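Line by line, the protein sequences are chains C and G.
Count along the first sequence starting at 1, add 645, and that's the number in the numbering used here.
Count along the second sequence starting at 1, add 1, and that's the number in the numbering used here.
Just so you know, the hints here were simulated from the structure itself, not pulled from any lab data.
Since the model is a prediction, treat every value here as computed from it, not as a measurement.
Hints should not be assumed to be uniformly reliable.
[Unchecked claim] Taking lysine-lysine pairs in the DSSO-like style, the calculated list, with each CA pair at most 30 Å apart, reads:
| # | chain 1 | residue 1 | chain 2 | residue 2 |
| --- | --- | --- | --- | --- |
| 1 | G | Lys16 | G | Lys45 |
| 2 | C | Lys746 | G | Lys84 |
| 3 | G | Lys45 | C | Lys716 |
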Amino acid sequence: AQSVSQHNHHVILSEAASLELGCNYSYGGTVNLFWYVQYPGQHLQLLLKYFSGDPLVKGIKGFEAEFIKSKFSFNLRKPSVQWSDTAEYFCAVNARSNDYKLSFGAGTTVTVRA
Amino acid sequence: EAGVAQSPRYKIIEKRQSVAFWCNPISGHATLYWYQQILGQGPKLLIQFQNNGVVDDSQLPKDRFSAERLKGVDSTLKIQPAKLEDSAVYLCASRGGYNEQFFGPGTRLTVL
Chain C
646 AQSVSQHNHH
656 VILSEAASLE
666 LGCNYSYGGT
676 VNLFWYVQYP
686 GQHLQLLLKY
696 FSGDPLVKGI
706 KGFEAEFIKS
716 KFSFNLRKPS
726 VQWSDTAEYF
736 CAVNARSNDY
746 KLSFGAGTTV
756 TVRA
Chain G
2 EAGVAQSPRY
12 KIIEKRQSVA
22 FWCNPISGHA
32 TLYWYQQILG
42 QGPKLLIQFQ
52 NNGVVDDSQL
62 PKDRFSAERL
72 KGVDSTLKIQ
82 PAKLEDSAVY
92 LCASRGGYNE
102 QFFGPGTRLT
112 VL
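Work out the full structure, taking the sequences as your base and the hints as a guide.
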């Protein structure tokens with residue numbers, strides 16, 4: 646079975662600070678990896694995804710993530726956060742062998758102070 | 002392209018009452034998912050449909066939860082009777098031919 650762990654429950658930053666959110670997964674086969682964001686009062690939106698190829702993936706709003714297969718990790722980064730990045734961030738994994746069912750981490754709440 | 006629609010957005014009921022949620026996926030998406038998101042946790046899959054058939058309902062508490070997708074388009078998730086621990090956001094998602102799920106806004110259920 647797939648499982649996902651996110652290292653931080655709540656992160657508080659000042660604007661212009663750099664952000665890195667950790668994500669580790671456990672699964673024996675080939676996986677697809679995702680980061681979703683949920684802004685206050687809004688629905689889940691896809692930030693970025695990794696299926697194959699270049700392990701450094703760039704997403705929307707200046708976010709990027711790096712897949713490190715040997716570490717089973719898919720950490721999310723943003724060099725300089727804005728107040729509008731305040732949201733909850735979820736790492737998720739699925740696999741074709743599991744019919745693409747998503748397994749989510751518990752989420753990290755990011756609060757950016759102006 | 003219209004997104005995934007869900008209704009109602011909010012529902013407050015008392016324990017032991019019944020409740021139903023509705024989802025209309027993106028047009029043409031064959032796969033539909035229902036997730037439960039309890040406060041402070043990530044979404045957890047309840048059930049997956051492929052067209053009008055159930056693919057996986059192993060995580061659905063079948064003694065009180067039921068779901069259907071009779072015509073292979075919209076879907077209904079029902080809880081009867083509700084318990085306090087069912088308070089959560091219920092998310093519907095759909096997927097077309099590619100590996101990306103699109104989520105609806107969710108229904109926030111509060112059981113008193």
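Margin query: Need the status of pair C:Lys746, G:Lys84: alpha-carbon distance at most 30 Å?
Written below: holds (26 Å)
Notebook entry, point to check: Does G:Lys45 lie within 30 Å of G:Lys16 when you go C-alpha to C-alpha?
Noted result: holds (22 Å)
Item checked: Holds or violated: G:Lys45 to C:Lys716, with C-alpha atoms at most 30 Å apart -> OK: G:Lys45 and C:Lys716 at ~24 Å, within 30 Å.
Of the numbered hints given earlier, the model fails none.
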